[in-house]
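So the chains spell out like this:
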Amino acid sequence: MKARSFRYLIGEGFKGAWANRLMSLASIGVLVACMVIIGLALLISQNISRALGKLEQQNVVMVYMKDYSWALYGDEVEKVSEGGDQNGILPDSYVIHNDEEAKALCDKIAALPNVESVEYISGEEGLQSVKKNMLEGQEQYFSFLDEEYGNPLSSAAKVIMKDMSGFNATIEQIKSIEGVQSIKAQDDLADRINSVKKGVLVAGIWIISILLVISLVVVSNTIRITMYSRKLEISIMKAVGATDAFVRIPFVVEGILIGILSAGIAEGLLYFCYRVATETISQTLGTTDIVKYSEMVFYLLGVFLVIGVLAGAIGSFIMIGKYLRREGSEFSAI
Amino acid sequence: MEENQIDIQNIPDDKPVIEFKGVSKTYPSGTHALDDVNIRINKGEFAFVVGSSGAGKSTFMKLIMREEKANTGTIMVNGFNLTKMRRKNIPKLRRTMGIVFQDFRLIPKMNVFDNVAFAMHVVGANKREIRKEVSKALSKVGLGEKARSMPTELSGGEQQRVGLARALVNSPDLIIADEPTGNVDPNMSYEIVSLLTEINKRGTTVLMVTHDHNLVRDFKHRVIMLDSGRIVADNLGGGEQ
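Chains as they are written, first to last, in our numbering: chain A, 1 to 334; chain B, 1 to 241.
None of the hints are false.
Stretch by stretch, here's where chain A covers chain B in the computed footprint (C-beta under 8 Å, at least three residues):
| id | segment |
| --- | --- |
| 1 | 87–94 |
| 2 | 99–111 |
| 3 | 116–124 |
Because the hints were derived from the structure by calculation, they are not lab data. Every residue gets a Cβ at the ideal spot worked out from N, C-alpha and C, and that includes glycine.
Using the sequences and the hints, build the whole thing.
In structure tokens form, the structure reads like this:
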């Protein structure tokens, strides 16, 4: 097709959209509504992801090590009278003998693919923390902890995972590392986070898919009405030797135009609605930890434009194709 | 150029522009529209197609424009073999012909000039060509002064002349006129056929369907008569039998 024909047809598409502006307005209205709902679904899922991310960060896994305390206070190591130290512990009966070995174990954990961070907490630090958090004001009653019997707390690694869906597998990997005594984790929280995440994803996919189909149907119907109102022009075009592409382009342009306009309006409308909603939520709940629209503005505009342009182009392409196959090649009797 | 197409400019005067060989057409509903039609219309001829309603005139024209496909037989039009023609090549065939409709088919929101220019946009002509050729076509049909008028401001005869200008503007080799005088008064009918005769004298083949016996009688052109899907008379000498 020649460039000037193409320019002419694009112009015809604009004229068509203007000539059928009432119908175009109706479909812009429905498309905007679909896009705003899609945008809201995306914003809500983004906010949920952020909240879940925070929860995930709090879902700390404590890994305890097979160190001297474990050997001394646990039942697994047999105390001997010969060859052992004053407590009857043989050096070979436990794995972690010093801070260096404990840190090396932490490094092994940190090297696992799903591990976000590892913090080493020595037995002493652990005890101080327990005293500070749990026994504050009653220290005198628990002075025996490190004076009479020594520190019963083993060295530990505080582990945060990247993705909670790989929680169980990572736990198994940590367990298999030499020197790991036990793991304390909130499995139920991990499971809940995973199920919420899955739920949000499935709901999002459904909502967006349904709305995409609605968008496509709406644009197709607008184009169909436009097409029937231009039956005469199409019949003349076909009679004078227009190709299917020549007939199709103005309608596709019109569909795309409707899509682009809808995207722009949806972006503005969603910005306004989201701002009002977030301001209200912030004031009511006193939280500031909400995804800002500015973080999502280009992403949402991109999504809207893709939806608008695709719905416009595909909707009109399918509709005019159908028409041309069924009726468009007949021009003697319209 | 396609394998099954010959160059229309090089068709000798005695070679057919339209040729039907053993053509039959039955619609899916079971209606037998044409039955073993054989006919040749040579380059530069003017032929009337006559017959009562249901005789097969419309099907005959539809087959020439490749709006319908024959069930059996071979159809050649302007060098194209319509029996073997693919759908995507139909526009190429139609660009070699100009079609005039009984109901004018003018776009009401476009003025006379734009209605004629519309046919040139379809073939990708540039603005200068369009200005030149549309003015020429409008002058040929005597509407040079009415280029800016809207179709609703014109009489039936004038509207049909605009339709004729649109059919002419791409300089086709064949004009197909489907009852072009059906919606105009008798005086204007004569004017329209006179114009078509003028065009024919310049070398364009004209095929015109009509019900008007007076026109057929007065313009001494070839007359092809159809009845029940068959050609029952073909008067090459002109005038009605």
